[in-house]
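Work out the full structure, taking the sequences as your base and the hints as a guide.
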Amino acid sequence: MAIFSVYVVNKAGGLIYQYDSYVPRAEAEKTFSYPLDLVLKTHDEKVIVSFGQRDGIRVGHAVLSINGVDVVGKNTAEGKEVVEYLKDSSNYPVSIRFGRARLSSNEKLMLASMFHSLFAIGSQLSPEVGSSGIEVLETDMFKLHCFQTLTGIKFIVLADPRQSGIDALLRKIYEIYSDFALKNPFYSLEMPIRCELFDLNLKSALEVAEKAGNFGPGS
Amino acid sequence: MSRQSNRTTDNKKMNSELFTLTYGALVTQLCKDYENDEEVNKQLDKMGYNIGVRMIEDFLARSSVGRCQDFRETADVIAKVAFKMYLGVTPSVTNWSPAGDEFSLILETNPLVDFVELPDNHNALVYSNLLCGVLRGALEMVQMAVDVRFAQDTLRGDNVTEIRMKFIKRIEENLPAGDE
Numbered sequence: 001m002a003i004f005s006v007y008v009v010n011k012a013g014g015l016i017y018q019y020d021s022y023v024p025r026a027e028a029e030k031t032f033s034y035p036l037d038l039v040l041k042t043h044d045e046k047v048i049v050s051f052g053q054r055d056g057i058r059v060g061h062a063v064l065s066i067n068g069v070d071v072v073g074k075n076t077a078e079g080k081e082v083v084e085y086l087k088d089s090s091n092y093p094v095s096i097r098f099g100r101a102r103l104s105s106n107e108k109l110m111l112a113s114m115f116h117s118l119f120a121i122g123s124q125l126s127p128e129v130g131s132s133g134i135e136v137l138e139t140d141m142f143k144l145h146c147f148q149t150l151t152g153i154k155f156i157v158l159a160d161p162r163q164s165g166i167d168a169l170l171r172k173i174y175e176i177y178s179d180f181a182l183k184n185p186f187y188s189l190e191m192p193i194r195c196e197l198f199d200l201n202l203k204s205a206l207e208v209a210e211k212a213g214n215f216g217p218g219s
Numbered sequence: 001m002s003r004q005s006n007r008t009t010d011n012k013k014m015n016s017e018l019f020t021l022t023y024g025a026l027v028t029q030l031c032k033d034y035e036n037d038e039e040v041n042k043q044l045d046k047m048g049y050n051i052g053v054r055m056i057e058d059f060l061a062r063s064s065v066g067r068c069q070d071f072r073e074t075a076d077v078i079a080k081v082a083f084k085m086y087l088g089v090t091p092s093v094t095n096w097s098p099a100g101d102e103f104s105l106i107l108e109t110n111p112l113v114d115f116v117e118l119p120d121n122h123n124a125l126v127y128s129n130l131l132c133g134v135l136r137g138a139l140e141m142v143q144m145a146v147d148v149r150f151a152q153d154t155l156r157g158d159n160v161t162e163i164r165m166k167f168i169k170r171i172e173e174n175l176p177a178g179d180e
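Sequence order for the protein chains is A and B. With my numbering applied, the first sequence covers 1 to 219. With my numbering applied, the second sequence covers 1 to 180.
Don't take every hint at face value.
[What the hints assert, rightly or not] To give an idea of the chain A side of the interface with chain B (calculated C-beta under 7 angstroms), a few residues:
1) PHE119
2) PRO127
3) TYR174
4) LEU182
5) ASN184
6) SER188
Please keep in mind that the hints were generated in silico from the structure rather than gathered at the bench. Just so it is clear, the structure is predicted and the values come from calculations on it, not from any experiment. Even for Gly, the Cβ is constructed at its ideal location relative to N, Cα and C.
Pasting the structure below:
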């Protein structure tokens, strides 16, 4: 999947739509015997590795499931605290899956608002007036592309750095938004988008963009 | 009326008569419901406003025009691009006020009023008032407050339909970043 996520931010900076389509590559499931040689700590409702590294398990990875059952926050599915559960030698041997923790929806909301503010700062820092604002944010793992419409809505796409044709994809997403969200009379402006047709069309547009790598008129 | 779009698979043509009939049914039902021409005008304007705030995004997505730098450019874009795209007619832009903040759109034909005649008991009704609301709503979403009204109407006996647009102010709240 070369396109990782799509975010749509409204005029006020609130996240109104979010779509993830990546599978985290760094997940490791291992069987452990007592005592556990990784040091775990609870942080932000998640149990993460604070010290110790082996077999693809890195510092910062979160406990995703124990014995095949997904954990709920910092508790096991039965409601026991993960850290306490793993201190008890009678529970071993145990199979734990570690991986990079997914962002929760609250975190995504916060990050979207923060990006909105950064975007505004970016425009103000510009030496000339009328800057387009942040268009691309590049890192080694991904490239973030942003398109702000004249009405203040931002469409943000996170993609593989080598993926091309994202500008055309952003325009296409704008078209899909103006069709399936705005022409739906039951959708209120600036509110979270909960339109099935929007989801469907967005997914197919992403697939086309990934395959073609290029989005032109007539494609 | 056909929809101009880049998607070759999606060219839907609709019979313009259906559109005229639909709009006519809407106005007559409003007249029956409210029984007061002024009230109907207000409702048409409100409905037009709700259409305008959504239509602007569709217009911007499909036409890829950039931000207009002054009111004259706005007038040109409205007449040459927007009206053409949605109603298939191209009004002319005339009667600029000396300050450059007011102009008229002269429509030779108005697709909304094909086959329509206003009866005598509806003298105050502005049949196409929806258009005023649409223009007002659409421009408000791109930070322009305007006042739109009909100066001449073929249904009331004038030769042409004239829409008068006046620029009131630039809306400074909620500006998208980078537009100061």
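Here is what the structure says about each hint:
1. Given the 7 angstroms rule on beta carbons, the hint for PHE119/A holds: about 5 angstroms separates it from the nearest Cβ of chain B.
2. The beta carbon of PRO127/A is not positioned within 7 angstroms of any beta carbon in chain B (closest approach about 13 angstroms), and the interface hint is therefore violated.
3. Evaluation of the TYR174/A hint against chain B yields a held restraint, the C-beta minimum of about 5 angstroms falling below 7 angstroms.
4. The interface hint given for LEU182/A is met, as the beta carbon of that residue sits about 4 angstroms from the closest beta carbon of chain B, less than 7 angstroms.
5. Given hint, ASN184/A at the interface with chain B, is violated; its Cβ is 9 angstroms from that chain's nearest Cβ, farther than 7 angstroms.
6. With its C-beta approaching chain B no nearer than about 11 angstroms, SER188/A sits outside the 7 angstroms limit, and its interface hint is violated.
Hint check: violations occur at hints 2, 5 and 6; the rest are consistent with the structure.
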